[in-house]
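Asker: Make a model of the complete structure from these sequences and hints.
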Amino acid sequence: KNEVEQSPQNLTAQEGEFITINCSYSVGISALHWLQQHPGGGIVSLFMLSSGKKKHGRLIATINIQEKHSSLHITASHPRDSAVYICARGGGADGLTFGKGTHLIIQP
Amino acid sequence: GAGVSQSPRYKVAKRGQDVALRCDPISGHVSLFWYQQALGQGPEFLTYFQNEAQLDKSGLPSDRFFAERPEGSVSTLKIQRTQQEDSAVYLCASSFSGANTGELFFGEGSRLTVL
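For the protein sequence lines, the chains are A and B, in the order given.
Just so we're aligned, residue 2 is where the first sequence starts under my numbering, counting upward by one.
Just so we're aligned, residue 252 is where the second sequence starts under my numbering, counting upward by one.
If you're looking for bench data, these hints aren't it; they were derived computationally from the structure.
Do not take every clue at face value.
[Stated by the list, open to error] Short, incomplete list of chain A residues facing chain B, as computed with Cβ under 10 angstroms:
no. : residue
1   : 8
2   : 20
3   : 43
4   : 46
5   : 63
6   : 76
7   : 77
8   : 80
9   : 83
10  : 91
Yeah, the Cβ is synthetic: ideal placement off N, Cα and C, and Gly gets one too.
Answerer: Put into structure tokens, the structure is as follows:
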């Protein structure tokens, strides 16, 4: 069983919709990362958080440490938001454990 | 350069060949990570360096995989006697501190195809 579970696995939405991607993890963390991966492989770090909420532009990330759950929200989604969004937990030996990713497609 | 640089971007190898993949992290970054990403999957941890010290190599799938970072900057991931199951994208990431305390910066990856 993967220590980091994401849902949904695939998501197709219309431009302008509010998007939520969920991440659950089974062991304690010291930090949780949200990453964006575009076709071709490049990965960009969106957020690193250990508590509460962070906001950057149209992206919002929240985390509930007690429930071991994090969410990534995209407001006013746009086709350029189409990508794979990956949740990863940091902890232990300082490496990251990744979820399998959520494939997001925003249609115009 | 300004970002993490990996080379080659694409490598095709015949089964049994040795390959070497290079990662040039952001200057001054202490931590360097290697990940393996199979098609349609999330990245899987391979190994972690803090400066020149390899602190964790628990993710290396077999003794055919070897990584080094001799001067605490550039790192090389070597795969000996490649097998078809080694086909994947190999991602390198660096951080000024550690994955638990600092933002990670990823390279574009090296896509290895073993025929």
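Asker: Decide, hint by hint, whether the structure agrees.
Answerer: Hint check:
no., hint, result
1, 8, "13 angstroms, violated"
2, 20, "19 angstroms, violated"
3, 43, "5 angstroms, holds"
4, 46, "5 angstroms, holds"
5, 63, "18 angstroms, violated"
6, 76, "23 angstroms, violated"
7, 77, "25 angstroms, violated"
8, 80, "22 angstroms, violated"
9, 83, "16 angstroms, violated"
10, 91, "4 angstroms, holds"
Comparing the model with each numbered hint stated earlier shows that hints 1, 2, 5, 6, 7, 8 and 9 do not hold.
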